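Engineer: Single-letter residue listing:
Protein chains: 2
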Amino acid sequence: MTVRLDLSYDGTDFHGFARQKDVSTVQGALEAALATVLGPIETVVAGRTDAGVHARHQVVSFEAPEVDLARLQASLNRMLPASIAVHRVDRERDGFSARFDANRRTYRYFIDAARVPSPFSARYSWHTGHDLDVERMDESAAHLVGAHDFASFCRRAEGRSTEREVLAAGFSSDGNRLVFEVAGTAFCHQQIRSFVALLVEVGRGRRDPEATAEALAARDRAAAAGAAPPHGLFLWEIAYPAGLAEPPDLP
Amino acid sequence: MTVRLDLSYDGTDFHGFARQKDVSTVQGALEAALATVLGPIETVVAGRTDAGVHARHQVVSFEAPEVDLARLQASLNRMLPASIAVHRVDRERDGFSARFDANRRTYRYFIDAARVPSPFSARYSWHTGHDLDVERMDESAAHLVGAHDFASFCRRAEGRSTEREVLAAGFSSDGNRLVFEVAGTAFCHQQIRSFVALLVEVGRGRRDPEATAEALAARDRAAAAGAAPPHGLFLWEIAYPAGLAEPPDLP
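Note that the protein sequences, when read in sequence, are chains G and C. If you're matching positions, the first sequence starts at 983 in this note's numbering and goes up one per residue. If you're matching positions, the second sequence starts at 983 in this note's numbering and goes up one per residue.
Errors might be hidden in some of the hints.
Stated by the list, open to error - Some but not every residue of chain C turned toward chain G, in silico, with C-beta under 7 Å:
1. Ser990
2. Pro1022
3. Glu1024
4. Thr1025
5. Ser1057
6. Met1061
7. Ala1104
Simulated from the structure, these hints should not be mistaken for laboratory data. Bear in mind the structure is a predicted one, so any value in this text is a computation, not a measurement. Ideal placement from N, C-alpha and C gives every residue a C-beta, glycine not left out.
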């Protein structure tokens, strides 16, 4: 049967999602727990996340022998560390892929704009230490929407296309917290953290709001401004076409 | 001069507020940082917190040589770990005591009521794993308000009175999070965590809402239900009589 897991995790103590030898990863922890219940399992993930990046909503799929889904969920949550939570376990149609069927990925990046950073959001937001103009950042973010070649914002991967479609991008503020929300069909490696790094330069007044459009046109990594730190970034929500399961109640 | 610090801290990695030999405490970290700027300093605190308990708002006072307050704040925040934030440094009138002048202490205790606990609130809330009836807990909490002998809810301290005045106590829900807020002029050791432990028994339906009133009347530690874990508890706000500084912008 084809199984789908909807989960969230605190990425602080993981070397990213993807399985690696000798270091702790989310996929490694998940597959180790699955193995004790089901035997060896290879999981497919909707959105790989880098070291330190969090997921409020992540989706994983795999092929498995027939199993009681409620019991599988209880076993996984008992075995996994408190930093990983499995919110739901569903059976999907044969051939479902958490990665290839996903049609919209939403991320949020949080910035702590308080003068003195909060000890309670230190794990989950970036304290830039600068005054930021959120309207200016929002105006600049709008240039990123659409189908473009995002070469300036992608970590180079030989032979891979850097064309993507961004469906929505905007900055808002929520008290002392600034929130960048961006949605797309898919993203390349470091794309969102590269967006944030340049938008912070715009928010500080060191670049014009048109800097995002100029960087897009340049198709050159050097035209951007590096990458913002990983701990402010959350994979926020994965969406699938109608007919597949809706996301569960999430934190 | 008499100096007042308004601070917050994540208590996860501290053995409580109060200075102790050979273990990491908030007071120990703070006095070590103060010592490098001002020489040896003895601080007085508004509300001592136990190991693992957090403070959104804590106040500390001390006598010090004349010093530039803005610079002192910047130095402290540079030296202290990210888990402690100094939000403001003020000069108070001679003789001001963060402890003896405080006239209202407010605490909040957070319970994660989601079926599967959130990885993002694991440090800051108690996941009891039981369905809780918040209206029943709120009804039961009301019995705690007033001037009483709280012996049933206080960790015993030979020769010390256990009479206190609770000014307000109530449970509310905020999505999947239940919040117990309690205010008083002062509290004895473990009083709030003991309230919460009994109220959770009430919320689970194992005790009647009158259990709080009965426990009060018994004046016996065995009439309560132990203490809830520390990591759900926040010292939320310390208030002083009019004329003293208002609390700063807090997380």
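Engineer: If a hint holds in the structure, say so; if it does not, say that too.
Structural biologist: Now the hints, each set against the structure:
no.: 1; hint: Ser990; in the structure: 6 Å, holds
no.: 2; hint: Pro1022; in the structure: 25 Å, violated
no.: 3; hint: Glu1024; in the structure: 24 Å, violated
no.: 4; hint: Thr1025; in the structure: 18 Å, violated
no.: 5; hint: Ser1057; in the structure: 13 Å, violated
no.: 6; hint: Met1061; in the structure: 13 Å, violated
no.: 7; hint: Ala1104; in the structure: 5 Å, holds
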